[in-house]
Amino acid sequence: MSIVKMQKLDLIGFEEDKENIIKALMKAGTVHIVDSREKLEEDEWNELVHSENAEELIAEIDEKLARIKSAIEYLSKYSTAKKALFAPKRKISEGEYNTVRDSESELWKVIETIEQYNHELTGLKSEENALRNLISSLEPWESLVRPLEITETEKVLFAIGTVPASVNIAELEQELEGQAPESFIEVVNQDKNQLYISVAYHKDISQPVTDFLKGIGFSGISFRGLTGTASENILSLNNKIKKIEEKREEIHNKSKECADYIAKLETFYDCLVIERDRKKAMGRLLNTQRTFILEGWVPESEAGKIEKLLTKHWDCVVDIRNPEKGEDFPILLKNNPLVRPFEMITEMYSLPSPNEIDPNLFLAPFYFIFFGMMVSDAGYGILLSLITGIVLLKFKLEGLAEKLIKLLFLGGISTLFWGAMFGGWFGNVVDVITQGKFTIPPIWFNPLDNPMKLLIWSFVFGVVHIFTAMGLKGYLMIREKKYLDALFDIGFWYVFLLGLCFLLLGGNIAVIGKYMAIAGAILLILTQGRSKKNILSKLFSGVLSLYNVASFLSDVLSYSRLLALGLSTGVVATVINTMGSLFGFNPIGIILFIIIFVIGSVFNMAINVLGAYVHTSRLQYVEFFGKFYEGGGKPYNPLKIKTKYIDFTNINKEA
Amino acid sequence: MQDWLASIFNGNVLALTGAALAVILAGIGSAKGVGIVGEVSSGVVSEDPSKFSQTLLLQALPGTQGIYGLLVAFVILNKIGVVGGTFQNLTMTQGLLIFAAAMPIAIVGYFSAIYQGRVAAAGVGIIAKKPEELVKAITYAAMVETYAVLALLASILMVFGIKL
Chain B
821 MSIVKMQKLD LIGFEEDKEN IIKALMKAGT VHIVDSREKL EEDEWNELVH
871 SENAEELIAE IDEKLARIKS AIEYLSKYST AKKALFAPKR KISEGEYNTV
921 RDSESELWKV IETIEQYNHE LTGLKSEENA LRNLISSLEP WESLVRPLEI
971 TETEKVLFAI GTVPASVNIA ELEQELEGQA PESFIEVVNQ DKNQLYISVA
1021 YHKDISQPVT DFLKGIGFSG ISFRGLTGTA SENILSLNNK IKKIEEKREE
1071 IHNKSKECAD YIAKLETFYD CLVIERDRKK AMGRLLNTQR TFILEGWVPE
1121 SEAGKIEKLL TKHWDCVVDI RNPEKGEDFP ILLKNNPLVR PFEMITEMYS
1171 LPSPNEIDPN LFLAPFYFIF FGMMVSDAGY GILLSLITGI VLLKFKLEGL
1221 AEKLIKLLFL GGISTLFWGA MFGGWFGNVV DVITQGKFTI PPIWFNPLDN
1271 PMKLLIWSFV FGVVHIFTAM GLKGYLMIRE KKYLDALFDI GFWYVFLLGL
1321 CFLLLGGNIA VIGKYMAIAG AILLILTQGR SKKNILSKLF SGVLSLYNVA
1371 SFLSDVLSYS RLLALGLSTG VVATVINTMG SLFGFNPIGI ILFIIIFVIG
1421 SVFNMAINVL GAYVHTSRLQ YVEFFGKFYE GGGKPYNPLK IKTKYIDFTN
1471 INKEA
Chain L
44 MQDWLASIFN GNVLALTGAA LAVILAGIGS AKGVGIVGEV SSGVVSEDPS
94 KFSQTLLLQA LPGTQGIYGL LVAFVILNKI GVVGGTFQNL TMTQGLLIFA
144 AAMPIAIVGY FSAIYQGRVA AAGVGIIAKK PEELVKAITY AAMVETYAVL
194 ALLASILMVF GIKL
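For the record, the sequence lines run as chains B and L. When you line the first sequence up against our numbering, it's residues 821 to 1475, in that order. When you line the second sequence up against our numbering, it's residues 44 to 207, in that order.
Don't take each hint at face value.
[Said to hold, decoys possible] Some, not all, of what chain B presents toward chain L, calculated at C-beta under 10 Å:
| hint | residue |
| --- | --- |
| 1 | M1168 |
| 2 | N1270 |
| 3 | V1422 |
| 4 | A1426 |
| 5 | G1431 |
[Claimed, not checked] Partial pick of chain L residues on the chain B-facing surface, computed with a CB cut under 8 Å:
| hint | residue |
| --- | --- |
| 6 | T107 |
| 7 | Y111 |
| 8 | L114 |
| 9 | V118 |
| 10 | V126 |
| 11 | F130 |
| 12 | A185 |
| 13 | L195 |
| 14 | I199 |
| 15 | L200 |
These are computed hints drawn from the structure, not numbers from a lab. From the three backbone atoms N, C-alpha and C, an ideal C-beta is built for every residue, glycine too.
All chains should be modelled from the sequences, with the hints used to inform the complete structure.
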């Protein structure tokens, strides 16, 4: 409903209590600690205080964390326990936690072993690759009976190599015979690209033979260091690979034995994360020789508890006060559960700054309505809510993911509503299946029959949305006690724009609209130039301001996407159903229909949900927020225990 | 000669050409747009495979124009009875009207898909550095899509408005 009020916390305590105080605050999890280090840039502060240089220590812990993490990732391949996609955090008691902490040296040994295994496996892998490459280069020569190391005898030279496959070997033999009779050429193997040939020739004619070979594109191959025939070599290489596989199997088996350590390593990981966060927090404080200064923000409701906690256990000075006017405090939003998912849309844009209002309460209903209108198919709505509902029930989600899934769940309900209003149930699937005997009639009307009607309604929703935004702008002005500005800039525009809208409706109301529009226009001309000095430029900018009607108009027209995207869902669904029913009403036809229907519907739903999400967000960001909202607030990020794998069962989260 | 020309430029051929162009041009545009984003995304994913889903989301955005083109074609085919009815004999004027109605989504769809693809590809750059800002990248791309939506709307309203 609003931005939570924050109170400033200033704390001065003794150096020796620092660690414990930070621990206690972390456990409380409600204090947003301000980075005080920027004060050091001012000379008068710099002379008095210094900050603890924690960067090195933090980097060290980060490095450890990276090692533990890769060990966990390595072991999780061997873990027999299946991990779900959104597995909840493991609950552990404090006793278990402490034993893990105490066994630190043992855990490091495990990690080192795992790193060793990993290293060995990488080594084996590259060794195996090298062997396999060698085998594949030997394979073409498998039928060559001459051992590879023999390249010459007393009188004869041997060569092996490849020539392009385009060479005609019969012609070649004849040609060679003519040029150098004391020679012999043999095709050992051939594939798509080249011929593998072996040549033997007398030493005396080595020159003409090499020239000849060069002429036909021969490229020689030698297997240096290998002895025996190619097939013998392949055999022995395969044996080596087998040995590598055995070694690997051995390492795999040993790794499996370590898999039980995953749980402990995970706990250890989180334990170090907590330590790092604490160090980070401590790095933000300022120190004198014997004391430290902590600045932070606490939600108003928690401030008392924090003060009590601090003064009860330690000798320290605690000062809690309301923020001064214009002082920036971190933003925490508090909304009822139905509005909460929509906070995501605002968070993605920008959090409100402290002197703004939380727009979510106003954003939520419009987002809900627009999302449903854009997807507008009851079948897809049910499907979407069903899927997201199951996810919500089965998995414990947090943060953004939770909000997104809840948003889609609500969007599904809205989609169901609008789909029923417009008569879209998986397009016209009932109609297609019953071959036109039965159709689900729309509760309101079918946009395909009367698109203009829905277009006008889209514009009406748009006008209401924009007017709401203008109203919020007016509210902000009134809150800042700019009453006249609110009247001139918002009130008169309301009169003018409403007049124009009535004018469009026609009938009796158009007459009222006409006078409202004229009155509004005159008032705007008189007031909009009020910041200008001379009377002529006042009037001129007053008249000019009426040009803003154009921007209002373009904003409203932008809502035509409600109709366009809504229609597109229905029509594409119809296309899918039509395509599916092309094969007729027979067993094969029915199976094909089901396949096409299922794949097509899921695809169409996914595309449309994405489209609805994108375009509804755009309407909020550009048309709605553009009128009144600036954002720029910093998120409230309290010092608390943020773990990845574990949760503590008891409240006493001593770290 | 005249007969031959008349047989080519009759109403039915013109209407079908319009429907075909809606699919062809918007489809080519989407293919280009999706292609551009895909190329850039592959680069980012080769560095960090966990960004696959985010880049895929951006890649899907310029794909909608092709769907809009198909949609308009279907509405036209439905109108002239190729789908779910008998193919009506259209006059030359009726054919031209339908052809004209297909033009907004055909032309705007083609260009907007390519430009949207370029914006989305630039958005992949945002994802590479700041994955948490995905929505901003999406919003930029959605700004371009507006004009495809408007063209779609114009095409549909025109087709619905033509009396046969």
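Results for each hint:
1. At its closest, the beta carbon of M1168 (chain B) sits 4 Å from a beta carbon of chain L; the interface hint therefore holds under the 10 Å criterion.
2. Using the Cβ-Cβ criterion of 10 Å, the hint placing N1270 (chain B) at the interface with chain L is satisfied: the shortest such distance is roughly 9 Å.
3. Taking 10 Å as the C-beta cut-off, the interface hint given for V1422 (chain B) is violated, the closest approach to chain L being about 14 Å.
4. With its C-beta approaching chain L no nearer than about 9 Å, A1426 (chain B) sits inside the 10 Å limit, and its interface hint holds.
5. Using the Cβ-Cβ criterion of 10 Å, the hint placing G1431 (chain B) at the interface with chain L is satisfied: the shortest such distance is roughly 6 Å.
6. Here the hint on T107 (chain L) is kept, as its CB sits about 6 Å from the closest CB of chain B, short of 8 Å.
7. For Y111 (chain L), the interface hint holds, since its Cβ comes within 8 Å of a Cβ in chain B; the closest pair sits about 7 Å apart.
8. With its C-beta approaching chain B no nearer than about 5 Å, L114 (chain L) sits inside the 8 Å limit, and its interface hint holds.
9. About 6 Å separates the beta-carbon of V118 (chain L) from the nearest beta-carbon of chain B, less than 8 Å, and the hint is met.
10. At about 6 Å, the closest approach between the beta carbon of V126 (chain L) and any beta carbon in chain B falls short of 8 Å, and the interface hint on this residue holds.
11. The beta carbon of F130 (chain L) comes no nearer than 16 Å to any beta carbon in chain B, farther than 8 Å, and the hint placing it at the interface is violated.
12. The interface hint given for A185 (chain L) holds, since its Cβ lies 5 Å from the closest Cβ of chain B, which is under the 8 Å cut-off.
13. Interface hint status for L195 (chain L): upheld, as the beta-carbon distance to the closest one in chain B is roughly 5 Å, under 8 Å.
14. Among the interface hints, the one on I199 (chain L) holds; its C-beta lies about 6 Å from the nearest C-beta in chain B, closer than the 8 Å criterion.
15. Proximity of L200 (chain L) to chain B holds as hinted, the smallest CB-CB distance being about 6 Å (cut-off 8 Å).
When each numbered hint is compared with the structure, violations occur for hints 3 and 11.
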